[in-house]
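Undergrad: Using our numbering, the first residue of the sequence shown is number 2, and each one after it goes up by one.
None of these hints come from the bench; they were simulated from the model. A portion of the hints provided could be inaccurate.
[To be verified] Within a straight-line C-alpha distance of at most 20 Å, the following computed EDC-like cross-link-like pairs (lysine to aspartate or glutamate) qualify:
{"id": "1", "residue 1": "Lys208", "residue 2": "Glu277"}
{"id": "2", "residue 1": "Lys6", "residue 2": "Asp280"}
{"id": "3", "residue 1": "Lys119", "residue 2": "Glu135"}
{"id": "4", "residue 1": "Lys208", "residue 2": "Glu186"}
{"id": "5", "residue 1": "Lys208", "residue 2": "Glu198"}
{"id": "6", "residue 1": "Lys35", "residue 2": "Asp3"}
{"id": "7", "residue 1": "Lys193", "residue 2": "Glu130"}
{"id": "8", "residue 1": "Lys6", "residue 2": "Glu277"}
{"id": "9", "residue 1": "Lys119", "residue 2": "Glu130"}
{"id": "10", "residue 1": "Lys30", "residue 2": "Glu125"}
{"id": "11", "residue 1": "Lys34", "residue 2": "Asp66"}
{"id": "12", "residue 1": "Lys193", "residue 2": "Glu125"}
{"id": "13", "residue 1": "Lys34", "residue 2": "Glu135"}
{"id": "14", "residue 1": "Lys12", "residue 2": "Glu237"}
{"id": "15", "residue 1": "Lys119", "residue 2": "Glu237"}
[To be verified] DEER-style ranges, computed between Cβ atoms:
{"id": "16", "residue 1": "Ile133", "residue 2": "Leu45", "range": "10 to 20 Å"}
{"id": "17", "residue 1": "Ile197", "residue 2": "Gly227", "range": "47 to 57 Å"}
{"id": "18", "residue 1": "Lys30", "residue 2": "Val146", "range": "32 to 42 Å"}
{"id": "19", "residue 1": "Leu219", "residue 2": "Leu122", "range": "39 to 49 Å"}
{"id": "20", "residue 1": "Thr144", "residue 2": "Val226", "range": "33 to 43 Å"}
{"id": "21", "residue 1": "Ala59", "residue 2": "Ser284", "range": "50 to 60 Å"}
{"id": "22", "residue 1": "Gly227", "residue 2": "Ser132", "range": "32 to 42 Å"}
{"id": "23", "residue 1": "Ile159", "residue 2": "Glu20", "range": "14 to 24 Å"}
{"id": "24", "residue 1": "Leu235", "residue 2": "Asn13", "range": "36 to 46 Å"}
{"id": "25", "residue 1": "Glu20", "residue 2": "Glu90", "range": "48 to 58 Å"}
{"id": "26", "residue 1": "Ala59", "residue 2": "Arg14", "range": "49 to 59 Å"}
{"id": "27", "residue 1": "Leu122", "residue 2": "Asp280", "range": "13 to 23 Å"}
Backbone N, C-alpha and C define an ideal beta-carbon position, used for all residues, glycine too.
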Amino acid sequence: MDFNKLRNDLKNRYFSTWEYFSNGFNALKVFSKKHPILLFFHFLFSFFLGVVVIFQGAEIMVVMDKIVKKYGSAKINSNEFVKSKEFNELTSEVMLFILCFIIVYLIIRFISAVIRKKMGLEVEERENEFSIGETIVKFLTITFVNIVLQVFLIILGIIITVFTRSTLSFLILWIILQLNLLYFEEAYYLRKINIIEAFKYNFYISKGNRIRMLTVLLTIFTVFVGINYFLGWLFEATIKNQVTLMTVNAVFGGIAGLLYTVLGTMVSNLVYLNLEYIDFNNS
Numbered sequence: 002m003d004f005n006k007l008r009n010d011l012k013n014r015y016f017s018t019w020e021y022f023s024n025g026f027n028a029l030k031v032f033s034k035k036h037p038i039l040l041f042f043h044f045l046f047s048f049f050l051g052v053v054v055i056f057q058g059a060e061i062m063v064v065m066d067k068i069v070k071k072y073g074s075a076k077i078n079s080n081e082f083v084k085s086k087e088f089n090e091l092t093s094e095v096m097l098f099i100l101c102f103i104i105v106y107l108i109i110r111f112i113s114a115v116i117r118k119k120m121g122l123e124v125e126e127r128e129n130e131f132s133i134g135e136t137i138v139k140f141l142t143i144t145f146v147n148i149v150l151q152v153f154l155i156i157l158g159i160i161i162t163v164f165t166r167s168t169l170s171f172l173i174l175w176i177i178l179q180l181n182l183l184y185f186e187e188a189y190y191l192r193k194i195n196i197i198e199a200f201k202y203n204f205y206i207s208k209g210n211r212i213r214m215l216t217v218l219l220t221i222f223t224v225f226v227g228i229n230y231f232l233g234w235l236f237e238a239t240i241k242n243q244v245t246l247m248t249v250n251a252v253f254g255g256i257a258g259l260l261y262t263v264l265g266t267m268v269s270n271l272v273y274l275n276l277e278y279i280d281f282n283n284s
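Start from the sequences and build out the full structure, keeping to the hints where you can.
TA: Right, here's the structure in full:
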């Protein structure tokens with residue numbers, strides 16, 4: 002693929018949704034050939050995440066079923082239940098689930114950050130500028146900010162729910178926040194700027210351009226949800242063994258997670274670069 006021609010096109014005009022996808026697919030072919038190991042690790046940990054959710058989730062359901070059968074129709078003292086073997090078993094399973102989920106999820110997010118950075122440098126033909134140290138620092142920074150933001154949103158959501166007796170207001174607040182962060186990750190990872198500068202440029206470039214990114218992201222999301230729903234139904238109908246079904250779902254989840262990430266990342270990078278290049282040309 003001629004990346005120089007792609008960059009010139011991105012600088013000279015706004016792409017259509019189709020052009021983002023067609024060029025994204027072509028760029029993705031080049032990227033996949035150059036970085037198969039990186040993509041394999043993303044698939045591997047996405048598969049592990051599926052195993053954690055499906056198999057460990059099943060273990061939790063088994064323990065809960067035991068509790069329901071033993072205590073469901075009986076009046077029990079809460080203090081006695083907390084000290085019971087079943088409660089300890091449930092707590093252990095849930096804590097193991099949460100710990101494994103967080104660790105694997107963070108690894109996937111880090112690999113996704115590396116993919117985003119490398120994809121951007123690939124398009125701009127600046128691969129030699131990649132720094133794993135810089136990517137780690139940025140990943141840790143954005144993870145910390147996300148944790149603080151999530152805690153703030155949870156507290157705010159509880160307050161809103163208490164006063165309004167509805168979660169609708171909280172949902173609207175969350176949607177507004179997401180709509181104002183559409184270009185944040187692209188700006189932060191693709192450029193050598195700090196997180197405050199990334200927030201500011203994200204707000205600036207979002208003006209009048211939210212629909213452009215939303216159209217791309219919602220298209221990818223809708224297609225993958227449709228495929229997941231259909232294949233989930235197909236697997237459920239054709240595979241009778243429960244362990245085999247869960248394994249197949251975990252493998253498919255790993256493949257789907259990889260494809261969703263790499264396609265969404267490449268296309269969203271192109272949207273961002275298109276807007277940034279034209280903005281720089283105009284200014």
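Undergrad: For each hint, tell me whether it holds in the structure or not.
TA: Hint check:
1. Lys208 to Glu277: Answer holds: Lys208 to Glu277 is near 12 Å, not above 20 Å.
2. Lys6 to Asp280: Roughly 18 Å between the alpha carbons, so the hint for Lys6 and Asp280 holds.
3. Lys119 to Glu135: Given pair Lys119, Glu135 holds - Cα atoms ~12 Å apart, limit 20 Å.
4. Lys208 to Glu186: Given pair Lys208, Glu186 holds - Cα atoms ~16 Å apart, limit 20 Å.
5. Lys208 to Glu198: holds (16 Å)
6. Lys35 to Asp3: Holds: Lys35 and Asp3 sit about 15 Å apart, inside 20 Å.
7. Lys193 to Glu130: Holds. Lys193 to Glu130 sits at ~11 Å (cutoff 20 Å).
8. Lys6 to Glu277: Roughly 17 Å between the alpha carbons, so the hint for Lys6 and Glu277 holds.
9. Lys119 to Glu130: The hint holds at about 9 Å.
10. Lys30 to Glu125: Holds, at roughly 16 Å.
11. Lys34 to Asp66: violated (48 Å)
12. Lys193 to Glu125: holds (14 Å)
13. Lys34 to Glu135: violated (24 Å)
14. Lys12 to Glu237: violated (48 Å)
15. Lys119 to Glu237: Given that 20 Å is the threshold and the Cα spacing comes to 38 Å, the pair is violated.
16. Ile133 to Leu45: 10 to 20 Å: The hinted range 10 to 20 Å holds for Ile133 and Leu45, with Cβ atoms some 19 Å apart.
17. Ile197 to Gly227: 47 to 57 Å: At 39 Å between Cβs, range violated.
18. Lys30 to Val146: 32 to 42 Å: Holds: the Cβ-Cβ distance is about 34 Å, inside 32 to 42 Å.
19. Leu219 to Leu122: 39 to 49 Å: Check failed, 27 Å falls outside 39 to 49 Å.
20. Thr144 to Val226: 33 to 43 Å: violated (26 Å)
21. Ala59 to Ser284: 50 to 60 Å: Between Ala59 and Ser284, where Cβ atoms are some 56 Å apart, the hint holds.
22. Gly227 to Ser132: 32 to 42 Å: For Gly227 and Ser132 the Cβ distance comes to about 38 Å; the hint holds.
23. Ile159 to Glu20: 14 to 24 Å: violated (44 Å)
24. Leu235 to Asn13: 36 to 46 Å: holds (45 Å)
25. Glu20 to Glu90: 48 to 58 Å: Holds - the Cβ-Cβ distance for Glu20 and Glu90, about 55 Å, lies within 48 to 58 Å.
26. Ala59 to Arg14: 49 to 59 Å: Given about 52 Å between the Cβ atoms, the range holds.
27. Leu122 to Asp280: 13 to 23 Å: holds (20 Å)
Going down the numbered hints, you'll see the structure goes against 11, 13, 14, 15, 17, 19, 20, 23, while the others check out.
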